[in-house]
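Visitor: Sequence:
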Amino acid sequence: MLGTQVRSTVVLGQFADGRPHARAGAPLGEQRAMREDEHLLADRVLGQVPAQPLQLRLRPARVVVVLEHDDVAAVAVEAVPLGSHVAAVVLQAAGVALGDGRAAEVVVAHDRVAGVAEPPLLRPLAEEVVFKDGNGNGKRDKGERPMAGVDVTDGWDAKGHPPVSAKIGRTSSIGPQEFGPEASPGHRHSCDLDHPDAPSPGRVSPVSGLNLDDFVDLIERPDGGIRRDAEERRERLALPPGALGRLDELGEWLAAAQQRVPVKPVERPRAILFAGDHGISDLGVSARPAGSAHRLVRAVLDGESPAAILAARLGASVRVVDMALDCDPEDLPEEVTRHRVRRGSGRLDVEDALTLDEAEQAFRTGMAIADEEADSGTDLLVLGDLSVGGTTAAATLIAALCGTDASVVTGRGGAAIDDLAWMRKCAAIRDGLRRARPVLGDQLQLLATVGGADLAAITGFLLQSAVRRTPVILDGVVSAACALVAQRVAFRAPDWWLAGQASGEPGQEKALDRIALTPLLDHGVTVGEGTGALLALPLVQAAAALHAELPERSEGSGPSEHPADAEDPEANG
Numbered sequence: 001m002l003g004t005q006v007r008s009t010v011v012l013g014q015f016a017d018g019r020p021h022a023r024a025g026a027p028l029g030e031q032r033a034m035r036e037d038e039h040l041l042a043d044r045v046l047g048q049v050p051a052q053p054l055q056l057r058l059r060p061a062r063v064v065v066v067l068e069h070d071d072v073a074a075v076a077v078e079a080v081p082l083g084s085h086v087a088a089v090v091l092q093a094a095g096v097a098l099g100d101g102r103a104a105e106v107v108v109a110h111d112r113v114a115g116v117a118e119p120p121l122l123r124p125l126a127e128e129v130v131f132k133d134g135n136g137n138g139k140r141d142k143g144e145r146p147m148a149g150v151d152v153t154d155g156w157d158a159k160g161h162p163p164v165s166a167k168i169g170r171t172s173s174i175g176p177q178e179f180g181p182e183a184s185p186g187h188r189h190s191c192d193l194d195h196p197d198a199p200s201p202g203r204v205s206p207v208s209g210l211n212l213d214d215f216v217d218l219i220e221r222p223d224g225g226i227r228r229d230a231e232e233r234r235e236r237l238a239l240p241p242g243a244l245g246r247l248d249e250l251g252e253w254l255a256a257a258q259q260r261v262p263v264k265p266v267e268r269p270r271a272i273l274f275a276g277d278h279g280i281s282d283l284g285v286s287a288r289p290a291g292s293a294h295r296l297v298r299a300v301l302d303g304e305s306p307a308a309i310l311a312a313r314l315g316a317s318v319r320v321v322d323m324a325l326d327c328d329p330e331d332l333p334e335e336v337t338r339h340r341v342r343r344g345s346g347r348l349d350v351e352d353a354l355t356l357d358e359a360e361q362a363f364r365t366g367m368a369i370a371d372e373e374a375d376s377g378t379d380l381l382v383l384g385d386l387s388v389g390g391t392t393a394a395a396t397l398i399a400a401l402c403g404t405d406a407s408v409v410t411g412r413g414g415a416a417i418d419d420l421a422w423m424r425k426c427a428a429i430r431d432g433l434r435r436a437r438p439v440l441g442d443q444l445q446l447l448a449t450v451g452g453a454d455l456a457a458i459t460g461f462l463l464q465s466a467v468r469r470t471p472v473i474l475d476g477v478v479s480a481a482c483a484l485v486a487q488r489v490a491f492r493a494p495d496w497w498l499a500g501q502a503s504g505e506p507g508q509e510k511a512l513d514r515i516a517l518t519p520l521l522d523h524g525v526t527v528g529e530g531t532g533a534l535l536a537l538p539l540v541q542a543a544a545a546l547h548a549e550l551p552e553r554s555e556g557s558g559p560s561e562h563p564a565d566a567e568d569p570e571a572n573g
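Sequential numbering from 1 applies to the sequence shown in our numbering.
Each hint should be verified, as a subset may be incorrect.
If you anchor each label on the Cβ, the simulated ranges turn out as follows [said to hold, decoys possible]:
no.	residue 1	residue 2	range
1	E267	R338	45 to 55 Å
2	S554	A416	39 to 49 Å
3	E232	R338	26 to 36 Å
Capping the alpha-carbon separation at 20 Å, the derived lysine to aspartate or glutamate pairs in EDC-like fashion look like this [claimed, not checked]:
no.	residue 1	residue 2
4	K264	E249
5	K264	E509
6	K264	D223
7	K264	D495
8	K264	D419
9	K264	E235
10	K264	E552
11	K264	D379
12	K264	E231
13	K264	D229
Quick caveat, the hints were computed from the structure, so don't treat them as lab data. Positions of the beta carbon are idealized from the N, C-alpha and C atoms, including for glycine.
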């Protein structure tokens, strides 16, 4: 049973006579429309979404949820068939920041989020767009470009009637609520762009040529059928059920990722470390000097850092990627992969960390590196970062996406800082958080505003690795923050990641809780730089080896009986 404090649950359906109905404010545990692997995610994401007025529109296999509030995150839903009915269940927050009384629409088509509309900016991934002129006349248009729109639809009937809509009270209401007689096809709520209070078209945000919505279609879950085959094989092993604990789960996850049973041993792991300096470090928020990330790079490549020593011992090659180091390129070792977008980043408390073009360039670089690794035969990616000020940017992203205060996510960093530095860091995150809220609906713009080139590259890397079906072990708070951004882009992507270890950073704990990933290890290691992910690598390798090489029981032997003992009755005397 999920927590009964979840207030923003919405389940739509249809009565036998065709009347639509809605239930608002019911605990998620009362509804069984979601798959088991999505319950935890939905519960944790929605547990902090405040009760707010909802307007619901029902249409065949499609639902639009409109949230009207001064400053909230919109809610996305996933369409789920329930027998002959059409239903929808709240799945995750979509991260659309509202202000000035504006409304935002989250559109769901079939089993995926089709697009997010925030008047006057509309970024649909729909077959058809409908928007109104000043006289209320509807006009249809094809395409995926931004426009001043108020509705997205492909469900109009043959007579041209729009989808049914009606106003529901606050989600804190008790019990089911039905659409009343006023819910006629002609009754719809929309944003009149000519109204005095309507948002000005001049506030349309620039939209990059990179369409992040494509990842929703491109990323699939690990093969569920293969995972069931792996579970059946585990039940036939010559071990008591559950004897290997979480190693069983890891082996089955690897089998689904590799699409084979038994699992192939992990033979070509590779550590990818994205490097960059952050302008916010000028404020003294880190124990390391500003602009000194290149020293971390040299320590890794000289074999003097914990990550380098572990990688060498575990047989994992290391690749360091320069995204925004604040040093002369000539000062870097030749082994560094050079994809520098800029030298350092802007101070996120007073200016954007990157331009939108720089953020897109960094994002595409991360995608390209994921492709290169997949093409080279890497079978497990170990992710890390080499940065100064990166934990501040990461904590700002996490606070913005989770809707928490700066103090909740502010940690001491890999190299622990004193109380004064912690207060400076907390203030910087608070100021960056104010700048991040208006762009929560655009993940690329969010990375440009309060992220950095290394964080944008990691986000693209995580998403493209999921597209290429390459598993990834996450490290600390920086990779967790990027994973949270990536999860907002494509909700299936986290199925391809493992959380290596708990770093002790409160922001990491918050992000992993939201993504529903449980760290494999918790040893208080705070050094970062990919060290925690590398520490988890032997555990994953052990799970693969056990799943692949443990023998199955012979006919008639019990679950705790070794096959050799079953074949030789006299083995025990």
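Visitor: Could you check the structure against the hints above and give me the numbers of any it violates, in ascending order?
Guide: As far as the earlier hints go, 1, 2, 3, 5 and 8 are violated by this structure, in ascending order.
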